[in-house]
Amino acid sequence: MTFRARHLLGIEPLAPPEITALLDLADSYVDLNRRAHKHGEALAGLTQINMFFENSTRTQASFELAGKRLGADVMNMSMQASSINKGETLIDTALTLNAMHPDLLVVRHPHSGAVALLAQKVTCAVLNAGDGRHEHPTQALLDALTIRRAKGRLHRLTVAICGDIAHSRVARSNILLLHKLENRVRLIGPPTLMPAGIADWGVEVFDDMREGLKGCDVVMMLRLQRERMDGGFVPSVREYYHRFGLDAEKLSHAHGDAIVMHPGPMNRGVEIDGTIADDINRSVIQEQVEMGVAVRMAAMDLLARNLRARPREVMA
Amino acid sequence: MHTVIDNVRLIDPESGLEAAGALLIHGETIADVLTGAPPALPDGVTRIDGSGACLAPGIVDLGVKAGEPGERHKESFKTAGRAAAAGGVTTMVIRADTKPAIDTPETLEYVTRRAADAGQVRIAPMAALTRGREGREMVEIGFLRDAGAVAFSDGDQVLTDARVFGRCLTYARSLGALVIAHVQDPSLSRGAAMTSGKFASLRGVPAVSPMAERMGLERDLALVEMTGARYHADQISTAHALPALRRAREAGLDVTAGVSVHHLTLNEFDVGDYRTFFKIKPPLRSEDDRLAMVEAVADGTIDVISSMHTPQDEESKRLPFEEAASGAVGLETLLPATLRLYHAGQLSLSAIFRALSLNPARRLGLPGGRLAPGAPADLVLFDPDAPFVLDRFALHSKSKNTPFDGQRMQGRVRGTWVGGARVFGP
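If you read the protein sequences in the order shown, they are chains A and B.
So for the first sequence, our numbering puts the first residue at 1; every next one is plus one.
So for the second sequence, our numbering puts the first residue at 1; every next one is plus one.
Just chain A, same shape as in the assembly (with noise of 0.2 Å):
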């Protein structure tokens, strides 16, 4: 089996061979996402439960879609509302989670770290749906699907990922997925929004929007958030869009079939201008969607087959 991980806690850990594999499988999961009759059986009889530490709407929905279409059970858990809020710790909540037998845990927290910490005191797999900073693996996994088919290749292209890089996870994976097949990576946005030690990481910094969409062949937005546009980060949001917004005119100096994407929620008119948005042509932000449902099936898929594969024990 070329996919040997028995979490999916982020790109770091994973092999390019395994990146391939579990696309691979996707892409036949969007064949069956495509038909009138989209159930599959490969998660028949597992439970899955979905815990979400902090709000989301469009990875919860997405997870869970592709839960129930693999034929698996699933609940979903806000955690905000629950006992967290009561002193208990992530630990205990992972334990007492862990007592009721599911096999496919799908954890959001706050916090870098936080997920992999809690798959050490469980005995099923932990698909990890964003954590603080740190990483979001199943978004960097679509986002490179979606290139792959845009594309037809997934290596040699230069990709620039635009926008609040500091405080993203998605800037992170998709770096080191885009790294680890042999793609370079060209960040744009204001310094005050650059992580420090950025020059360290192999990629090419920008703060002038033109020059670093320059024959870039792939256009990644990230979402700036609501607290951070009025003059902590950034002076205004107007000032924002005017230097960093993509619109047509900046957009022009990337390569002609360059493709735009943007994880979502859209910021019409901060990051993003909504014309570039819906043009069909450029845009593939709802593919993005679509496909974020194939790899999140691949990806419980891959990781019950190891599950169903190896006895279950607590890794200590």
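No wet-lab data here; the hints were simulated from the structure.
Take these hints with a grain of salt, some might be off.
Okay, derived cross-link-like pairs now, DSS-like style, lysine-lysine, Cα gap no bigger than 25 Å in a straight line [stated by the list, open to error]:
1) K180(A) - K198(B)
2) K317(B) - K400(B)
3) K198(B) - K398(B)
4) K121(A) - K317(B)
5) K78(B) - K398(B)
6) K198(B) - K400(B)
7) K78(B) - K99(B)
8) K151(A) - K121(A)
9) K400(B) - K121(A)
This structure is a prediction, so every number in the text was calculated from the model and none was measured.
We have chain A already, so just place chain B on it with the hints.
Chain B only, in chain A's frame:
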């Protein structure tokens, strides 16, 4: 009553002595330091064979959190005392960042009494500098000094109001009291759990620039220059802060500085996959910074090495990295960890004990820290080469949060004496 510890290698940081010899103890004090051929001993002298191990002045650990009052589930004077004895620490200079803070003579008296009941090693208590460590009103520095406070410090709580801090320094100066401060710009370090750089960014953990330490230090030094107070920076951990420290010395300011053994022996990468036992305050630094700290101890820019012993229970550490409590226990690992620098050829044994024993004792006005007739017989006998693998559950501390768990260490304490009485060893 006379005791002689012979067949030892004497390490005296005051005279720089590193030679084979014996030590004669009379009652609670050192009676004589004997080098060369073994002397003929008069009758009635108890002889202890040191088996060729090193004998050095007991460690004066500046900045121990003993857990009392308020956190006895993490540590007590009894367990901290046992850990200290096992680690060759003969004086624990205890921190005031307790719950409640040690900020009144009454609390200080409670602490001294509790500590005396627990026995084992000496206690030199610090007191808070401001009430409740809140940075608003100064404590009764005079009364607290009379009650035995050896220094005044709000611990890792930075006194942000320069006017209040300036007045505290001025008042402390009139009494000759030592003020110890945590150097950090708090607005820059707010929420940070790592040192900023490639590693922290990859891990996605909020991080602080190493420059925040220099900013905190520079401000404090300006206030020291303004007030003429006696000042000690508790932990210097970044190379950026060293030039400021050297300038202050050259300008004749009464300034000293410390470093924790963790910043001398570990770096930011040791955190690995969010290992919270490596979360300390200030956070672990880059390897370049670590090496600069080692050099600064060697050349005397940094005076004191301490453990910054901070017990934390499992519950406060088994959390996501950002939420986990900071700090590590260190009383028992202070000596073997510091000896890594000896084995690496970076510090001599007398330089190590200058920083562990002599300098902190001198700075706090304590009589120990040296092997000389008349000095208290506070001693540590250790084999610098004895190897072992550290098992955190073998520690005497109530809390087991050591970053050295499972690591190979070299250097074991064979015996500890406080005031001539053996508190550790066979």
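Quiz prompt | Broken hints, by number | solution = 3, 6, 8
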